[in-house]
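With the hints as extra help, turn the sequences into a complete structure.
The sequence shown runs 74 to 224 under the working numbering.
Hints listed in this document are in silico derivations from the structure and should not be mistaken for laboratory results. Any given hint could be a false lead.
[Unchecked claim] Derived Cβ-Cβ restraints for the label pairs, each shown as a range:
| id | residue 1 | residue 2 | range |
| --- | --- | --- | --- |
| 1 | G208 | R140 | 35 to 45 Å |
| 2 | G208 | R116 | 33 to 43 Å |
| 3 | T200 | A126 | 18 to 28 Å |
| 4 | D175 | R88 | 24 to 34 Å |
| 5 | R131 | P221 | 32 to 42 Å |
| 6 | A219 | R116 | 38 to 48 Å |
| 7 | L155 | R88 | 20 to 30 Å |
Fair warning: this is a prediction, and the values are worked out from it, not measured in the lab. From the three backbone atoms N, C-alpha and C, an ideal C-beta is built for every residue, glycine too.
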Amino acid sequence: MAGWSQALAAQQLERLDIEERLAAVVRALVPTTGEASMRRPHRAVERAREYIAAAPQRDDTLTEIARAANCSAFHLARRFRLQTGLSLHGFRTRLRMTLALDRLRQGERNLSALAAELGYASHSHFTGVFRHSFGLTPSRMRTNLAAPALR
Numbered sequence: 074m075a076g077w078s079q080a081l082a083a084q085q086l087e088r089l090d091i092e093e094r095l096a097a098v099v100r101a102l103v104p105t106t107g108e109a110s111m112r113r114p115h116r117a118v119e120r121a122r123e124y125i126a127a128a129p130q131r132d133d134t135l136t137e138i139a140r141a142a143n144c145s146a147f148h149l150a151r152r153f154r155l156q157t158g159l160s161l162h163g164f165r166t167r168l169r170m171t172l173a174l175d176r177l178r179q180g181e182r183n184l185s186a187l188a189a190e191l192g193y194a195s196h197s198h199f200t201g202v203f204r205h206s207f208g209l210t211p212s213r214m215r216t217n218l219a220a221p222a223l224r
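Here you go:
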């Protein structure tokens, strides 16, 4: 719950993150069986990965992703995390950060435009997620990437 209050205070929870956290609460309250079978590869997980990867800038909800994967939202959230080790939100964030890093390597100058292209509502939200992912701000990372390597 501490993670919720911090994220809510910062107003940086995305819809997908909220839905996945709620599904985790339900999962904790409702006993289930078959965890081992849930770890086997499942086509719905692959469809969800492909759907998110096709347009990581979209702010899809869990329901929208589940519909595209032809699976229930609860089942997809659970199976995705068991199979990949990431939440759907974590997977999308990782894709976005990989794209951001690639663009910075290419010398991207306009960080506000980059944030918008990657689906972030603001430059500051993008910067916060980037710093959390890499330990540096996007501008500092860009500077480091542009610096000649020491031999």
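Hint check:
1. Between G208 and R140, the C-beta spacing of about 36 Å keeps the proposed range 35 to 45 Å intact.
2. One distance hint, 33 to 43 Å for the beta-carbon pair G208 and R116, holds here, with the actual separation near 36 Å.
3. The hinted window of 18 to 28 Å between T200 and A126 holds, with their beta carbons roughly 23 Å apart.
4. At about 26 Å, the beta-carbon gap between D175 and R88 stays in the expected band of 24 to 34 Å.
5. The given range of 32 to 42 Å is respected by R131 and P221, whose C-beta atoms sit roughly 37 Å from each other.
6. Between A219 and R116 the C-beta distance comes to about 42 Å, which sits within the given range of 38 to 48 Å.
7. The hint said 20 to 30 Å for the Cβ distance between L155 and R88, and at roughly 22 Å that hint holds.
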